[in-house]
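Protein chains in written order, with the working numbering: chain A, 1 to 111; chain B, 1 to 112.
No lab work stands behind these hints, which were simulated from the structure alone.
Selected chain B positions facing chain A (Cβ under 7 Å, derived; list incomplete): (1) G42; (2) L43; (3) F45; (4) A56; (5) G58; (6) F90; (7) T100; (8) F103; (9) G104; (10) P105; (11) G106.
Each residue gets a CB set at the ideal place from its N, CA and C atoms; glycine is no exception.
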Amino acid sequence: DAKTTQPTSMDCAEGRAANLPCNHSTISGNEYVYWYRQIHSQGPQYIIHGLKNNETNEMASLIITEDRKSSTLILPHATLRDTAVYYCIVRVSYNTDKLIFGTGTRLQVFP
Amino acid sequence: DSGVTQTPKHLITATGQRVTLRCSPRSGDLSVYWYQQSLDQGLQFLIHYYNGEERAKGNILERFSAQQFPDLHSELNLSSLELGDSALYFCASGASGTDTQYFGPGTRLTVL
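Okay, chain A solo, but in the shape it has when bound:
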């Protein structure tokens, strides 16, 4: 699985969009970008994943650059409950193997 690089921490005002970047310059053609988050020692929570097209669900949007070397997770209207560590993981789809978590980005949403 390709290695990812994320900023250690970010701040975002409540109600504003939170844009969390992830670099994955060594991503392979068959590898997807996954995002999980962990809210204060709770179990990690799946957010979204994508291959090359932009994806959106009820939680977030995922924007992947055309060369697929980087992506951005967007929380359109951040709330205090979105304060968490966000993990960007690159892996082959339908790979039922382990998830490899890096250090993630600690997002702090402030009032």
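With chain A held as given, fit chain B onto it using these hints.
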């Protein structure tokens, strides 16, 4: 609520003891994964079971073992506990043919 349950929520024990952590996957999920999260190591994969059979092992110590039963629940056994085994232990489940893992709330183990 992910649908994955773990018991107990908290466990405090002494060095040298043995404990068992239990995980019930989401209904219909055949895969169970165990992860350990300590302060200095982050989230680390331990072991994966699929429909009762071991599929993959990570950095799991020999003092640790796991199994998945016919009803698909899983147990993680930790023996000869050391102070460094204090951590959060998460179980995740996944459906056959998909790659999304759903995590339980975790068990916080404290070894004194």
